[in-house]
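Protein sequence lines correspond, in order, to chains L and G.
All residue numbers for the first sequence refer to the working numbering, where the first residue is 1 and numbers rise by one.
All residue numbers for the second sequence refer to the working numbering, where the first residue is 1001 and numbers rise by one.
Among these hints, one or two may not hold up.
Restraint ranges, calculated between C-beta atoms of paired labels, are given here [to be verified]:
#, chain 1, residue 1, chain 2, residue 2, range
1, G, P1108, L, S84, 16 to 26 Å
2, G, K1057, L, E5, 20 to 30 Å
3, G, I1012, L, I108, 23 to 33 Å
Derived list of chain G stretches under chain L, where covered just means 3 residues or more per stretch with a C-beta under 8 Å from a C-beta of chain L [what the hints assert, rightly or not]:
#, segment
4, 1079-1087
5, 1107-1114
No lab work stands behind these hints: they were computed from the structure.
Built from N, CA and C at the ideal position, the CB exists for glycine as well.
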Amino acid sequence: QKEVEQDPGPLSVPEGAIVSLNCTYSNSAFQYFMWYRQYSRKGPELLMYTYSSGNKEDGRFTAQVDKSSKYISLFIRDSQPSDSATYLCAMSEGGTSYGKLTFGQGTILTVHP
Amino acid sequence: IAGITQAPTSQILAAGRRMTLRCTQDMRHNAMYWYRQDLGLGLRLIHYSNTAGTTGKGEVPDGYSVSRANTDDFPLTLASAVPSQTSVYFCASSDSGGIATDTQYFGPGTRLTVL
């Protein structure tokens, strides 16, 4: 079993929909949780970052972390065609594993007009 | 500011050949990383360097080597390529020596096919 599991989709939604993307993980030492967005044939770019449990909001994006359930989510409100991309969750233990991220498989999202 | 550049953009390589993928950053970041991305497996860390002169092994280091002679360059070498090394390779960098909270900035990737 992989340390981080992410449903690869693909996920197709109409413009304006609320999108929910999720990852589960098995390593209880993970403390830092990130979401990256990757457009086709481009490198990933950091979308949001959270530390430990809780919620973080940035515009139309909300990241949630539930460490007790080892489950993280990314919600996209009022989704736009420009949100069409692959979304990757990533996690790190911190400490002596500085900078070493473990990624999920990525979820392919298409928002159609 | 270019950020991170990778070369070549794509390459088809015969099995058994030696290949070096180049990565250069102009952000004066301390830490640099090499990942491979495969369908269904996501991004996996190959090697990393927290500062010039030091390197470390990631999740899938076998068959790959790296060097970090200066801050800006972090080449990845496949000594004798095998078909299982067919993948998209991404170089990344971050500012403060690899602290977990640092943003990692990714290059555009190199698509490598080993036949």
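Each hint tested on the structure:
Taken as a hint, the range 16 to 26 Å holds for the pair P1108(G) and S84(L), whose Cβ atoms sit roughly 19 Å apart. Roughly 24 Å separates the CB atoms of K1057(G) and E5(L), a value that falls within the hinted 20 to 30 Å. Range check, I1012(G) to I108(L): about 26 Å between beta-carbon atoms, so the 23 to 33 Å window is met. For the segment 1079-1087 of chain G, the assignment as covered by chain L is violated, since 0 residues bring a beta-carbon within under 8 Å of that chain's beta-carbons and 3 are needed.
Figure legend: the segment 1107-1114 of chain G, annotated as covered by chain L; annotation consistent (3 residues with Cβ-Cβ distances under 8 Å, at least 3 required).
Hint 4 from the earlier list is the only one contradicted by this structure; the remaining hints agree with it.
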